[in-house]
Amino acid sequence: MTAHAPLRVFLVDDEQPARERMREVLGDLAAELPNVVVGEAATGQEAIGALPAAAPDVVLVDIHMPQMSGMEFARHLAILESPPAVVFVTAHDQYAIEAFEVNALDYLLKPVRASRLAGALAKARATGGVRREAVDRAAVQAGQVPRRFFSIGERGRILLVPVADVVYLKAELKYVTVRTADKEHLLEEALTGLEQEFAGIFVRIHRSCLVARRRIRGFERVTDEDGEGAGWAVLLDGVAEKLPVSRRQWPSVKALASS
Amino acid sequence: MTPSSSSVPDALPDFRNLGVVARILVGVNLGAFVAAAIKATTFQQLMGEFLEIALVVEPALIASLAVLSAASPWLARLPYFIGLAAVATLVLVLASGAAFLRASVDSAPLGVVRAGAFGLLTTAIVAGYFHLRNRAFSPALAEARLQALQARIRPHFLFNTLNAVLSLIRKDARRAEGAIEDLAELYRMVMADAKNLTTLARELDLTRQYLNLEQLRLGDRLVIDWQTAEAPRDALVPPLLLQPLVENAVYHGIEPGVAPGTIVIAIRRERDRVHVKLTNPYHPEHQHRQGNRIALANIRERLALHFDVEGVLESGVNGSSYEIRMTMPYRRAAPQSVPGERAAA
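Going down the list, the sequences are from chains A and B. The numbering used here applies: residue 1 is where the first sequence begins, and numbers increase by one. The numbering used here applies: residue 1 is where the second sequence begins, and numbers increase by one.
Just chain A, with the same shape it has in the complex:
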């Protein structure tokens, strides 16, 4: 057992005393379960930036944090090829706890007991990285959707694109193109899943396209490529392209525009 190298632990919690307390308990455990704290962060974004250098085996993350919840943070981590293990920490969040139970995700309750922490760390070492489907499903079940960011994996790093910056999402063969005013990114997700999660933010205009509701500037009459007659295209803030609205989606898109 003690043949292992010390477990590399990263702490994410917006409350500084909570991080300090976790360091204390980890220190108390060191003889029984060798570990080293390789970094800490007060927000999910900060942690995502620091992770590649810290290279932790386990991330202990608080659920209730400003801007990016612990669950969203874990979803972003999970897109990595070999993500660290994640153990959630919460003071009291009934919905989240139920979702963890259902999806076999490990969690600790604050205040954290050393024995429970030791158990969670040992288990994390055994089971390895956080599984994407489990954490995605748990976030939906706990009502912690939609995300504030899209995450794009780039050679072991995670690029976060704020959802608010996105103009449209377009399904390509295996990917979804995420278009912001000045960039394009490829997202490994299904458009239908995105449509459900971001129903209040994006609207489907075509079988393969969702546009941001508040970016819709207007509509223009265009002729179809196959010359089948005239249709409508949507004009969007931030991009010059006009995106065709399918005949099937037109009534609901139009209703949205006039409301």
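Don't take each hint at face value.
What the hints assert, rightly or not - A few chain A residues that don't get close to chain B, going by computed Cβ distances all over 10 Å:
1. 4
2. 79
3. 127
4. 181
5. 182
6. 199
7. 241
What the hints assert, rightly or not - With a cut-off of at most 20 Å between alpha-carbon atoms, the simulated SDA-like pairs for lysine to any residue come out as follows:
8. B:171 - A:111
9. B:277 - B:233
10. B:171 - A:113
11. B:171 - A:20
12. B:171 - A:27
13. B:171 - A:24
14. B:171 - A:114
15. B:171 - A:29
16. B:171 - A:25
17. B:171 - A:16
18. A:174 - A:206
19. A:174 - A:152
20. B:171 - A:19
Derived by calculation from the structure, the hints in this document are not laboratory data. Note that beta-carbon positions come from the ideal geometry of N, C-alpha and C, so glycine has one too.
Once you've looked at the hints, dock chain B against the given chain A.
Same frame as chain A, now just chain B:
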């Protein structure tokens, strides 16, 4: 002091409360109207009868209310039945007096003795109404207390605070001790009987203790602007009036932000009313308002129970901040029960 089987002791209504006065005015006039309607057969007659009765009833009613309002603090100190007897005597005198004056102007249809009897009957009916109302609201008060217990202090707060205190024990035991004392006092207040009014001074102390604990874990992110130098510390307020609202302000206004946020607590007295204003940063993207609505409804209900229509709570978004305004009548505690800076245990 009278032993009573119900949990809420009988008490005379507060004759200075607008809601109470309105209820009495409407009730008595309705009674006069019914009396007129019984005697009359035509509409013309009805109006005549009502007017005739009103000539006696209105002066007696208004004079009674004026005297009762003036004597209200003194009456409130009497045991219930003695107070009731005092009120009945007063009404008896004023009603017969009004009838006597009316009789001296021209031959009155309403005799002095009958007027006095009507006065007593009306007093009994009104007293009965307020007695029943008191009884009807006593479960509501118990309910409000229960809700206060359940919805007030979030478990989220308790466990996070315990965790923060744990982090202090090894390096700053004294601060940890202070924090546990604050926590104990806070919970003693939350678990106490919420039926009776408390002083604003106590409420402020409690809120300060609560904020000390929040400061412990939130650090620089939590900034408090106390504008309470002119707060009437002896004003009577429902217990746990301020703390739950401040807790909401922290939960919805400070915790969702990374940058420091300010909560403004402004309390002042304007003539005979107490004005409370609470402001916190507004985070539109953090819309878990359910808990907030429950807390606001709970406090609004308790304000109504204690102050009837004179307790007002309004809330809304004002630019980038969320604002709660409360006003209630300024009632003073009896001097000996006003705690100083530290309440006696």
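Taking the hints in turn, this is what the structure says about them:
For residue 4 of chain A, the requirement that its beta carbon stay farther than 10 Å from each beta carbon of chain B is met, with the minimum near 28 Å. Residue placement check: residue 79 of chain A keeps its beta carbon more than 10 Å from all beta carbons of chain B (closest about 23 Å). At roughly 26 Å from the closest C-beta of chain B, the C-beta of residue 127 of chain A stays outside 10 Å, upholding its exclusion from the interface. The claim that residue 181 of chain A lies off the interface holds: its Cβ sits roughly 20 Å from the closest Cβ of chain B, which is beyond the 10 Å cut-off.
Annotated as non-interface, residue 182 of chain A keeps its C-beta farther than 10 Å from every C-beta of chain B; the closest such distance is 23 Å. Residue-level check passed: residue 199 of chain A sits 15 Å from the nearest beta carbon of chain B, beyond 10 Å. Residue-level check passed: residue 241 of chain A sits 28 Å from the nearest beta carbon of chain B, beyond 10 Å. A threshold of 20 Å between alpha carbons decides the hint, and for residue 171 of chain B with residue 111 of chain A the separation of about 17 Å falls inside it, so the pair holds.
Under the criterion of a C-alpha separation no larger than 20 Å, the hint pairing residue 277 of chain B with residue 233 of chain B is consistent with the structure, at around 16 Å. The straight-line distance between the Cα atoms of residue 171 of chain B and residue 113 of chain A is roughly 19 Å, inside the 20 Å bound, and the hint therefore holds. The straight-line distance between the Cα atoms of residue 171 of chain B and residue 20 of chain A is roughly 11 Å, inside the 20 Å bound, and the hint therefore holds. Restraint check for residue 171 of chain B and residue 27 of chain A: satisfied, since their Cα atoms lie roughly 14 Å apart, inside the 20 Å limit.
For the proposed pair residue 171 of chain B and residue 24 of chain A, the alpha carbon gap of about 11 Å is at most 20 Å, so the pair holds. A hinted pair counts as satisfied when its Cα atoms are at most 20 Å apart, and residue 171 of chain B with residue 114 of chain A qualifies at roughly 18 Å. A distance of roughly 18 Å separates the Cα atoms of residue 171 of chain B and residue 29 of chain A; the hinted pair therefore holds under the 20 Å criterion. Restraint check: the Cα-Cα separation between residue 171 of chain B and residue 25 of chain A comes to about 14 Å, which is no more than 20 Å; the hinted pair holds.
The straight-line distance between the Cα atoms of residue 171 of chain B and residue 16 of chain A is roughly 14 Å, inside the 20 Å bound, and the hint therefore holds. A C-alpha spacing of about 17 Å is found between residue 174 of chain A and residue 206 of chain A, which places the hinted pair at or below 20 Å, so the restraint holds. Simply put, residue 174 of chain A and residue 152 of chain A have alpha-carbon atoms about 14 Å apart, close enough for the 20 Å limit, and the pair holds. A distance of roughly 14 Å separates the Cα atoms of residue 171 of chain B and residue 19 of chain A; the hinted pair therefore holds under the 20 Å criterion.
Every hint from the earlier list agrees with this structure, and none is contradicted.
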